[in-house]
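Number of protein chains: 2
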Amino acid sequence: MNENRIHNFNAGPAALPLSVLEEIRDSFLNYKGCGMSVTEISHRSTLFDEIINDAVERTKRLLKLDDKYHVLFLQGGASMQFALIPMNFLADGKSADYVNTGTWSTKAIKEAQIQGKSINVVASSEDKKFSYIPKNIQFNEDAAYVHIASNNTIKGTQWASFPDTKGVPIVADMSSDMMSRPLDVEKFGLIYAGAQKNIGPAGVCMVIIRDDMLKKVPENLPTMMKYTTYASKNSMYNTPPCFAIYVLQLVMKWLEETIGGLDKMEALNLEKGRFLYDFIDSSDYYRATAEPDSRSLMNVTFRLPSEELEKQFILEAGKNGLGGLKGHRSVGGCRASIYNATSLEAVKALTDFMKTFEKENG
Amino acid sequence: MNENRIHNFNAGPAALPLSVLEEIRDSFLNYKGCGMSVTEISHRSTLFDEIINDAVERTKRLLKLDDKYHVLFLQGGASMQFALIPMNFLADGKSADYVNTGTWSTKAIKEAQIQGKSINVVASSEDKKFSYIPKNIQFNEDAAYVHIASNNTIKGTQWASFPDTKGVPIVADMSSDMMSRPLDVEKFGLIYAGAQKNIGPAGVCMVIIRDDMLKKVPENLPTMMKYTTYASKNSMYNTPPCFAIYVLQLVMKWLEETIGGLDKMEALNLEKGRFLYDFIDSSDYYRATAEPDSRSLMNVTFRLPSEELEKQFILEAGKNGLGGLKGHRSVGGCRASIYNATSLEAVKALTDFMKTFEKENG
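Note that the protein sequences, when read in sequence, are chains A and U. The C-terminal position of the first sequence is numbered 1305 in the numbering used here, with every residue numbered one higher than the one before it. The C-terminal position of the second sequence is numbered 1305 in the numbering used here, with every residue numbered one higher than the one before it.
Some hints could be false.
Note that identical chains are pooled: a pair holds if it fits in a single copy or bridges any two copies.
[Stated by the list, open to error] Derived pair list, reagent style DSS-like, types lysine-lysine, alpha-carbon separation capped at 30 Å:
#1 K1176 / K1078
#2 K1254 / K975
#3 K1302 / K1053
#4 K1053 / K1158
#5 K1060 / K1072
#6 K1159 / K1060
#7 K1072 / K1176
#8 K1254 / K1176
#9 K1071 / K1254
#10 K1003 / K1176
Calculated from the structure, these hints are not laboratory results.
Kindly generate the complete structure, drawing on both the sequences and the hints.
Given below as structure tokens:
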């Protein structure tokens, strides 16, 4: 660990690649010799054009997107998207299907309902505390879209594969597993991801939108609330969140050049996830909370024999340089978020600590 | 100039205090010894609470705000506020007054109209290319609010003092002169400012809102589009733009501790502005475009004898370490943005160059 950095298992904002952080630091007072910080350059400058265009191009290459897809950068996080999606795609007479797999899907549903939009919750895993991903869902063929959350940060579940919606575009909140694996993008009409887990810092939300979805956006929405504004202006109708986009660009570069693409990223994530789940499964002391076939490779949620022991575990882990292991306040327990930038070394340090803790407190 | 940094006259994103940039750089890999970058810590952590609370408290002290006022941090820049303001305050039957002093006021008006809201443009300086601030305006006593832009970045004008609206709350876009001078805040129901000029980097918009305005917000708006959401959750209903808020906090600290408050900041800004305008007024070669009593202390717009000379001026200035002097693409000419973080030294370097340029090309 460099400069006394800890192993960071935060759920988001989360760990960023160290080489990215070092590059930011080293050029922070003078970006590419321009005599200004990257936070001080104009968004209308060639230098910033290079940043945002490189972020877009790398995203397209990593996900193998063809020209039907547009990569946009918005603000307000996934929570703003919850409202914008029904606003943009559910004109009068239209309806959408929603799958409820946890806290964030529930919020997405609520934001459509607040606007009085017509939606159907076609499946839910609420019956078992959202510990699984529903199967064999019957979708409505005339739905404007099917909304899902691909990974559920709080409950520790993840769609292992995506459903066949018979041509209805999937709209997916991928905030917590974006760029963690390759994607069969053809199923998706819109993908969005708050950056602060796998692809950057807080303050920017990546949106990937297909041409046919853009064509559905009504003209008469407020300018900042319609996707067409961002698509027609390369996300620069107004000043974008420049620094967050810059960091995201460096993370995309790291994914391409250091990791070697999403196939390799997936292999690393599988290795980390298996290592941690295998350890938990081999133990009678720790217990994973998600059903085995629905487990997230990004957020590993687990319990100890008692809440008291969990409290002690989190505290002692912190003292041992392992941070962010507390479960979400709404569910308790423990959670290790092992996003792209979290190394196998960090996961091994965690399981080593877990063994020791069990020995001393088992 | 440290590390070959230039004098930065960008209109926004713009110069930040060097000491702030240095502090960010020096702690970027390990914030306050926590073992993580400030971009990697949770927004639910004590460390981030300290950042956001300090940003709020310093803002309140600098502007002498009492407890009726709430300091919020939103995303989407001033452009998002253009839409949110009528959405939040113009319920059916309500109307608002708008003063049109340039590009940004025009956009604010447009965003109210898109939503079909009732507004009155009670004054405009469009007749003279927005080169002045209207006087003796008749406001409607039953208006829900009066909207103004306190400083017009593109046209180089600024309200020297604020109008008497007979108790109707002023809603002001202060993106380009926020914290540049003390404020008689009692007149204002809501103040908003994209941070990227005087108070931070792009990616966060400060909103200061009074209790009585919060009470007018309808319940049934999308969660991320109502001010009450931000006020009730200390701007953390969802993940805020953490890094941008952190930089803003450091800028507020610099304003309080290095500059010594807004009276001192205003004195410095007056000194810089007078120095530059006096030089321009003494010259037959350069010509200020805003009417003398409406001139902005933040954005000094001026022309040279020809567009060709302007092009050459901007080019040669760049070669001499003076950046960002090109006027906005919609008006042409030259513009020196001399926000809080731009020093008198930078202004003197500019006038020195202007003298030399005139000598060589006059």
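First find the shortest C-alpha distance between K1060 and K1072 inside one copy, then the shortest across copies, and answer within, between, both or neither for a cut-off of 30 Å.
-> within (26 Å within a copy, 44 Å between copies)
Between K1254 and K975, at a C-alpha cutoff of 30 Å, which is it: within one copy, between copies, both, or neither?
-> between (46 Å within a copy, 24 Å between copies)
Tell me, please, which holds for K1071 and K1254 at an alpha-carbon limit of 30 Å: within, between, both or neither?
-> within (25 Å within a copy, 68 Å between copies)
With identical chains treated as interchangeable, where does the CA-CA distance between K1254 and K1176 reach 30 Å or less: within a copy, between copies, both, or neither?
-> Intra 49 Å, inter 26 Å, cutoff 30 Å: inter-copy only.
Using 30 Å as the alpha-carbon threshold, which applies to K1072 and K1176: within, between, both, or neither?
-> between (42 Å within a copy, 26 Å between copies)
Identical-chain pair category, K1159 with K1060, by Cα at 30 Å = both (15 Å within a copy, 24 Å between copies)
Intra- versus inter-subunit Cα pairing at 30 Å for K1302 with K1053 | Cα proximity of K1302 and K1053: none, with 45 Å in one copy and 67 Å across.
Under a CA distance limit of 30 Å, which applies to K1053 and K1158: within one copy, between copies, both, or neither?
-> Cα proximity of K1053 and K1158: in one copy and across copies (25 Å, 23 Å).
Quick one: K1176 to K1078, C-alpha cut-off 30 Å, is that within a copy, between copies, both, or neither?
-> neither (39 Å within a copy, 36 Å between copies)
Could you figure out if K1003 and K1176 sit no more than 30 Å apart (CA to CA) within one copy, between two copies, both or neither?
-> within (17 Å within a copy, 36 Å between copies)
Of the numbered hints stated above, those contradicted by the structure are hints 1, 3, listed in ascending order.
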